[in-house]
Structures are given as structure tokens and as C-alpha cells.
Amino acid sequence: MRWGLGGSGHVEGTGEKLRSLNFSRGVISEPDLLTTPDAEILDGFSDQGVIQVRKITIKKDATFNPTKYIILTFNNPNLPATAKAGYLNCKIRPYIQNPLRCFKCQSFGHAQTSCRGQLTCSRCATVGHPSTDCTLEPKCVNCSQSQPSDSKLCSKWKTEKEIQIIKTNRNITYLEARKLIAPQLSQSYAQVTKLSTATSTTQTDETITKIVCPPLKLLQ
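Letter by letter, the sequence shown follows residues 1 to 220 of the UniProt record's numbering.
Since the hints were derived computationally from the structure, they do not count as laboratory data. It cannot be assumed that every hint is accurate.
The following label-pair restraints were derived from C-beta to C-beta distances [claimed, not checked]:
(1) LEU119 x PRO31: 16 to 22 angstroms
(2) ILE181 x ALA62: 36 to 42 angstroms
(3) GLN147 x ALA81: 37 to 43 angstroms
(4) ASN65 x GLN112: 20 to 26 angstroms
Glycine included, every Cβ here is placed at the ideal spot set by N, Cα and C.
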């Protein structure tokens, strides 16, 4: 089962607006809009600053099916608590996007269209072949653990997700959010290094090093 974004309703010039304006995104959960076209949903919310609508979809059996979750993009950096359309009064929660992972090299932070890396299998982390029909043992490109590179168990994915949470909640850029979490990453690395050093130290048995060996007898 795979989650994705469906088609989007938009007003004329939306792309230009998204590039030139500060905006915010929120998610509503509304079963009554499940079968309503995106363009119609947009029309209902447009008087409240909504400039784009996208339904979250689930891929099942090679088919994308719409869900009750809808992403609303506002032309204002301050996300409202609710949005009204007709008789509906929809509660809005911040939309926190998943980390951007390249489908070519599997690294985070860029898309396939701008990738300068090599084609890497998302299943086994081997360079030179796609994941289609790969039967090798799973290995993550980003954390080297025994799982595919698209797994949410990846420690790097969790870090990138935390960056997105900070970015959204504080309304700051990705780079600013990354700088805030960088000290935590450095501290975690220092703790791991300290633990590793301590473990190596405890492996030395002082009772063995203090044993006095008798002198060897001369060969006859």
C-alpha cells in the first residue's frame, strides 16, 4: 500500500504564486469531500486564501484511490485553525511533508530530476541496477542497516522527518531547521563514540595484565 498525492485543483497562475509568496499548508480530514472534484473543493475554499487543493491517495493493486485527507495550500504563512465550505467547518492541522528522497541515487535532499549521482538500487544499495525484480539482501543506502532505502525505520529518514517537523512548526527554512537539529546530531555521535571507547576499555582485564610469567628455561 502506497500513499501519494492526487491531482490538484488550482487557480490560474498558481505556480507563479507559490514561487513568489510565503504560504502555508494544512491537512483536513473530511469524508463528505471524498468524491468531490479538487476544482470544486478549491472553489469552496478560495475565498479564505486557499490557492491549491490536493487529495492524499492510497495506491492499492496498481490503482490510486482517494482518501478523506486533503492538503490545502494558503497564500498566507499563518495557517488558520479552521476552514469553512458550505455547511462544513473543517479543522486544519499543519501538513508535514515526508523527507525528499531521490529515486535515482536514494539520497535525501534532492529529486531525481536534479540528481548527479549514480543509479542505485533502493533494495540492496548496489550501484548500477534498479530495484525492479532485485532479490538481493536488503541494505539501506543511508544508514547501512538491513532494510530497503525507502524504509521509515532508517535513522537518517527519522532525522530528516524531524527537520521537516521543526521547519513546519517554526515556519522557517529547511536549512535553518537543519542547523537547529545539527547540535543534537553531534551530541548523539559523541555519545556513541564515548560508549564505544568505554566498551573497549572494559574489555581489558587488569587481573590478566598483572600476572607475572616465570622466566623460560634455557633449551638444553
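Against which earlier hints does the structure fall short, listed by number upward? Number 1 only.
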